[in-house]
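Asks: Line order of the protein sequences matches chains P and R.
In this text, residue positions in the first sequence follow the numbering used here: the first is 14, and each later residue adds one.
In this text, residue positions in the second sequence follow the numbering used here: the first is 14, and each later residue adds one.
It is possible that some hints are incorrect.
Heads up, the list lumps identical chains together, so a pair's fine if it works in one copy or across two of them.
[Unchecked claim] Using 27 Å as the maximum straight-line C-alpha spacing, the simulated DSSO-like pairs for lysine-lysine come out as follows:
{"#": "1", "residue 1": "K280", "residue 2": "K152"}
{"#": "2", "residue 1": "K325", "residue 2": "K172"}
{"#": "3", "residue 1": "K325", "residue 2": "K32"}
{"#": "4", "residue 1": "K172", "residue 2": "K52"}
{"#": "5", "residue 1": "K26", "residue 2": "K172"}
{"#": "6", "residue 1": "K152", "residue 2": "K79"}
If you are wondering where the hints come from, they were derived from the structure by calculation, not from laboratory data.
There are 2 protein chains.
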Amino acid sequence: MTKGRVTVIDIAKAAGVSKSTVSLVLQGSPLVNDGTRAKVNAVMRELGYVYNRGAANLRQSGSKSKIIGVVVNDLTNGFFAELAVGVDMVVQSAGFVQFLSNTSENLDRQREVIASMREHGISGLILSPARATEAADLKPLIAAGIPVVVAVRNVPGAKASSVVSDNREGVVVGVEHLVSLGHRRIAFLGGFRDTAVFDERLAGYRAAAAVCGLDADEDLIVDSPPSRAGGAEAIERALSIGNRPTAAVCFNDAVAFGVCDGLRARKLEPGRDFAVVGFDDVIEAKTAVPALTTISVDPQGIGRRAAQLLLKQISAGKAEAEAIVSSVRLVVRETCGAANGSPLGRTQA
Amino acid sequence: MTKGRVTVIDIAKAAGVSKSTVSLVLQGSPLVNDGTRAKVNAVMRELGYVYNRGAANLRQSGSKSKIIGVVVNDLTNGFFAELAVGVDMVVQSAGFVQFLSNTSENLDRQREVIASMREHGISGLILSPARATEAADLKPLIAAGIPVVVAVRNVPGAKASSVVSDNREGVVVGVEHLVSLGHRRIAFLGGFRDTAVFDERLAGYRAAAAVCGLDADEDLIVDSPPSRAGGAEAIERALSIGNRPTAAVCFNDAVAFGVCDGLRARKLEPGRDFAVVGFDDVIEAKTAVPALTTISVDPQGIGRRAAQLLLKQISAGKAEAEAIVSSVRLVVRETCGAANGSPLGRTQA
DNA sequence: TTTAATAATTGGAACGTTCCAATTCAGTCA
DNA sequence: TGACTGAATTGGAACGTTCCAATTATTAAA
C-alpha cells in the first residue's frame with residue numbers, strides 16, 4: 014500500500030486531473046477553477062501528501078529554497094541563543110525555516126558548516142562570526158549571489174550587510190555615567206585586542222575620555238580574555254599601577270563579574286569602593302549581588318533586524334550591503350555605586 | 014561566465030570523463046582510478062563546484078538527506094540551548110546538519126515546524142515537545158518511517174524513542190538528603206500537574222516519603238506555574254497550612270528561586286530557616302546567593318545521547334523504540350542548610 | 001595468441017517538481 | 001454556423017544527481 018511516498022502524480026490520478034493542475038493548486042495559482050482546487054486539496058489531505066521541496070527547488074534552481082542558514086559562534090551563551098530566537102521569529106513567520114549551527118568559535122567548523130549549508134541550497138545566511146573570521150570566508154557565498162548578513166561582530170572588509178550594536182556609543186554612555194558620579198580615573202578592562210568589537214568599544218572609551226577631559230593614561234586600558242577569569246586578572250593589573258583607577262567600564266558582563274571577584278579578593282566591595290560597569294546585560298546581570306550596572310543590548314532585536322534585512326535582500330534579488338547599528342542603553346543598577354546616596358568617586362578624587 | 018551553477022556535467026566535461034565517474038568520485042567509491050579521482054577533484058576545486066544535495070536526495074529518495082530536525086520548546090531557556098548544542102555536536106561530526114526551530118511552547122507552531130521539516134525531507138527528528146504534545150502529533154512522522162526521539166519530556170503513548178532525565182530518582186535523592194539533615198515535614202512545590210515531568214517528579218516525592226516514613230500530607234504538595242513567580246506563590250501557600258513544612262524540594266530551579274524570594278518576604282532565610290532543593294541545576298544556581306542546592310541534570314549530555322540514538326536508528330533503517338533515562342545527581346550547595354554546621358531541621362522537629 | 005577475469009568507465013533512465021507552449025473547453029459575437 | 005475569445009487544463013522537457021546494466025580497457029591464465 015505505502016509503496017513509496019505519494020507524489021503529485023498520485024494526486025493527479027486520484028483527482029482525475031493532470032499533474033500540472035495539481036502543481037498549480039500547490040502554488041495557489043488563480044488559474045485553477047475553484048471546484049478543481051477543492052477536489053485536489055481534498056485528495057491531498059486524504060492521501061497524506063507531503064510536498065517535496067527538494068524536487069521543487071531543483072527545478073526552480075534559484076534562491077527559492079525557503080531555507081535560511083544561521084550560524085552562531087556560541088549557542089550556550091544566552092546572548093546568542095536569544096539572537097537565534099529573534100531570527101527564528103521573523104524567519105518562521107515569513108515561511109522560511111532556519112538551519113541553525115553552532116561553531117564554538119572554531120573557524121574550521123564554521124567553514125564546514127557554511128559549506129554544508131551551501132550544499133543544501135540556503136537562500137541566505139545570517140552569521141554571528143567566530144573570532145578571526147575573515148572577509149575571505151564569506152567571499153564565495155557573496156560571489157555566488159547568496160545574501161549574507163553578519164550580526165553582532167563585524168567582519169572587516171566583507172561586502173556583506175551587518176547588524177551590530179552600537180558598541181562605541183555604549184561605552185561612551187558608560188564612561189559619562191561614571192564621570193557624572195564623580196569619577197576621573199576610569200579604566201577600560203578586558204577583551205581581546207584583535208577583535209572588531211574591542212576596537213569599537215575602546216574607541217568609545219577614548220572618545221568619552223577626551224570629551225570629559227580625563228587623563229589619557231594607557232595604563233588604564235588593560236586587555237584580557239573576555240571571561241570571568243580574564244576580568245579578575247585585568248582588575249588585578251589595573252590596581253597595581255601607581256595612580257589607581259576608581260572605576261572601570263568592562264569589555265562585557267563576564268569580565269565585569271570577574272572584576273567584582275577580583276575586587277572582593279582585595280577586600281574592596283564593588284559599588285561601594287570601586288564602580289563597575291559591564292556590557293551586554295546578560296540575564297544574570299540583574300540577579301547578581303550586587304546587581305550589575307551595564308550597557309543593555311537587545312540580542313533578540315538584533316536577530317529580528319538581521320532576519321528582516323536578509324529577507325529583504327532575498328526578495329529584492331540583489332541589494333546593496335547595508336549596515337545597521339542597533340542602539341544600546343545604560344541600565345543603572347548597583348555596581349556603579351549610583352544607588353547608595355553618596356557617589357564614591359567624589360570622596361576619593 | 015557564471016551562467017548558472019556548475020554541475021557534475023561541467024566537471025565531467027572539463028575533466029574528460031563521464032558524469033557517472035564524477036558521481037562515483039563524489040561518493041568516494043573505490044571503483045575509480047586514483048589518477049582519475051585526483052584529476053576530478055582538482056577540476057572541482059578549480060571550477061568551484063558545490064554539491065547539490067537536493068538533487069542527490071531526490072534521486073535517492075530515501076532517508077539519506079543528511080538533515081536532522083531539532084525542535085525545542087524554549088531556546089531562550091539555557092537548558093534547552095545546551096540540549097541543542099549537545100545534539101549539534103554529534104550530529105555535525107556525523108556529517109549531518111541540524112534544522113533547529115523553536116516552538117515557544119506553542120503547539121500550533123510545533124505542528125507547522127514539524128510539517129515544514131518533513132517537506133524538507135529530514136531523515137530524523139529530535140523533539141523536546143511543547144507542553145501538551147500528544148502522541149497523535151507524532152503519528153504521521155512515525156508512520157512515514159521517520160525516526161523520532163523525544164527528549165526531556167515524554168510524550169505519553171507515542172511509539173517514539175525517548176531520552177529523559179531520571180526525574181523520579183532525582184526527587185528521591187533530594188528528599189532523602191533533606192531527611193538526612195533531620196527534616197520530617199518536606200513539601201513538594203511548583204509545576205503544572207498535567208505534565209509527564211510533574212508526574213514523574215511527584216512520584217519520586219511520594220516514593221521517598223513512603224520509604225522514609227514521612228507524613229503523607231497532601232497539603233504539602235502544592236502546584237503552581239513552573240516559574241519564579243509560581244515558586245513564590247507556592248511557598249506562600251505552603252507556609253499557610255497548620256503544620257508547616259521545614260523544607261521543600263521544588264519542581265525546578267526557577268520555582269526554587271521563587272521559593273527563596275517568598276521566604277525572604279516572610280523574613281525567613283533560605284538555608285538557615287528553611288531548606289530548599291531545586292531541580293535542573295541551571296547556570297545561575299551556582300552563582301545565586303545563597304547558592305542553590307539542586308538536582309543536576311546534564312542537558313548537553315541528553316542532547317548528545319538523543320542524537321546518538323537517532324543516528325543509530327537512521328542507519329539501522331528501522332529500530333525498536335528505546336527509552337533512555339539519563340541519570341542525575343544531587344549538588345549540595347547552600348540552600349539546603351547542609352553547609353552551616355547545625356542542621357536546621359532537627360532543631361525544629 | 002586467445003580467453004577469461006577483473007578493473008574502470010559509461011550512457012540512459014529515474015527521482016518529484018515547475019515551467020512553457022500548446023490544447024481543450026465554454027461561451028460570445030457576427 | 002463559424003470564427004473568436006478568455007479561462008482552464010495539459011503533456012513534455014528540464015533541473016542535478018544516483019543507480020543500473022552495459023561497455024571498454026587491462027591483466028592474468030591457458
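Asks: All hints, please: hold or fail.
Replies: Checked hints:
1. Proximity of K280 and K152 under a CA criterion of 27 Å is satisfied in neither setting, with 51 Å inside one chain copy and 61 Å between copies.
2. For the homomeric pair K325 and K172, the shortest alpha-carbon distance inside one copy (16 Å) is at most 27 Å, but the shortest distance between copies (42 Å) is not.
3. Proximity of K325 and K32 under a CA criterion of 27 Å is satisfied in neither setting, with 32 Å inside one chain copy and 37 Å between copies.
4. For the identical chains of this complex, K172 and K52 are neighbours neither inside a copy (49 Å) nor across copies (33 Å), given an alpha-carbon limit of 27 Å.
5. For the homomeric pair K26 and K172, neither the shortest alpha-carbon distance inside one copy (50 Å) nor that between copies (33 Å) is at most 27 Å.
6. Taking CA atoms no more than 27 Å apart as the test, K152 paired with K79 passes in both settings, with 22 Å inside one copy and 25 Å between copies.
Violation of the numbered hints given earlier is confined to hints 1, 3, 4 and 5; the remaining hints are satisfied by the structure.
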